[in-house]
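Chain by chain, the residues:
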Amino acid sequence: MSDNNEKHVFLDFAYQMYKSMKTNEINLVYEGEVTQEITKTFTSLTERNLAKSEESNTVQRKVFNVMVECLQNISKHADSLTDEEEEEGKRGIVMVSNGVDSYNVTTGNIIKNDKIPGLEKSLEHINSLDKKGLSDLYKTQMKEGRISDKGGAGLGFIDIAKKSGNKLTYQFKKLNEEVSFFILTSSITRV
Amino acid sequence: MEVINIPGTDDTPNVILDKGNNKFEISGRSLPEDVNMFYEPILNWIDGYAEDPNAKTEFVFNLEYFNTASSKIILDILLKFEEIAENDNDVVIKWHYHAEEEDMLEAGEEYADIVEIPFEYISYTD
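Top to bottom, those sequences are chains A and B. Under our numbering, the residues of the first sequence are numbered 2 to 192, in order. Under our numbering, the residues of the second sequence are numbered 2 to 127, in order.
Keep in mind that the hints were calculated from the coordinates and are not lab data. As the structure is a prediction and not an experimental result, all values here were calculated from the model. Be aware that a few hints might be false.
What the hints assert, rightly or not - Residues from chain A that face chain B, not an exhaustive set, calculated with beta carbons under 8 Å: (1) M18; (2) K133; (3) G146; (4) L156; (5) G157; (6) D160.
Glycine is no exception: its CB is placed at the ideal position from the N, C-alpha and C atoms.
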């Protein structure tokens, strides 16, 4: 009997989740391992959905760009809660929602606490810049940076801010002494 | 010189490097998982080409999308051609972009700011 009850509670949860996704106009949500294959699948899914919509090509391309960079950030940089999880690969949450004025691409992943001050500093710096400032920073980083062992060029967040044309919104939720959950939202204004 | 002709995929571009036919082109999408691995043979080929380049090189970029890691490699490619140009060879970059894609035009202009090679911008529509 209690087993049956649990099942009903779960069904109710599924329905609540459906409703809240509808209310928040969430088109896509995923939690799990983020690999190149997953990145390709999501971007082509988003591309197909956007192609069906009336959205302008410019906005569609921007959403695509921002998604790729966000997903590749997770697949290169996400940390894990436990060592067992570490072996399962890079994990994170990905959400795409469309509001009246903008598309929002939200990603979340575990990050080691000692990486936060550096990351926060560079995000604050990026958010302090205007279009020209972002373009200059991008050029400097491209000239001076090099491709890391992880295959990144240190350009992801600058590019996201540049392409989206909006400030990056982010938060760090402390989980324990070792790690936090890093959430980032990028908004692409609809034209 | 050997001809490089790599067909494009969902996440890697179509690359043609053909000295004999004077055809140099990177087109499509570039978001490979490992940019260094994908572009290494291309950069090596250009190093070889730099030793005995054609009098005039028109390098075509016709990219629909490239990720940030690829953008760094594209700069490396352009810097190699800048060197070729510095050795009294004609080098022109033909930068194609979709008319609705200002970001792609801006990306070309950013490269043109960094490297001393003439850029021609060519817009296309669907």
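Quick rundown of the hints versus the structure:
no., hint, verdict
1, M18, "violated, 31 Å"
2, K133, "violated, 11 Å"
3, G146, "holds, 7 Å"
4, L156, "holds, 4 Å"
5, G157, "holds, 5 Å"
6, D160, "holds, 5 Å"
Taken one by one, the earlier hints fail for this structure at numbers 1, 2, listed in ascending order.
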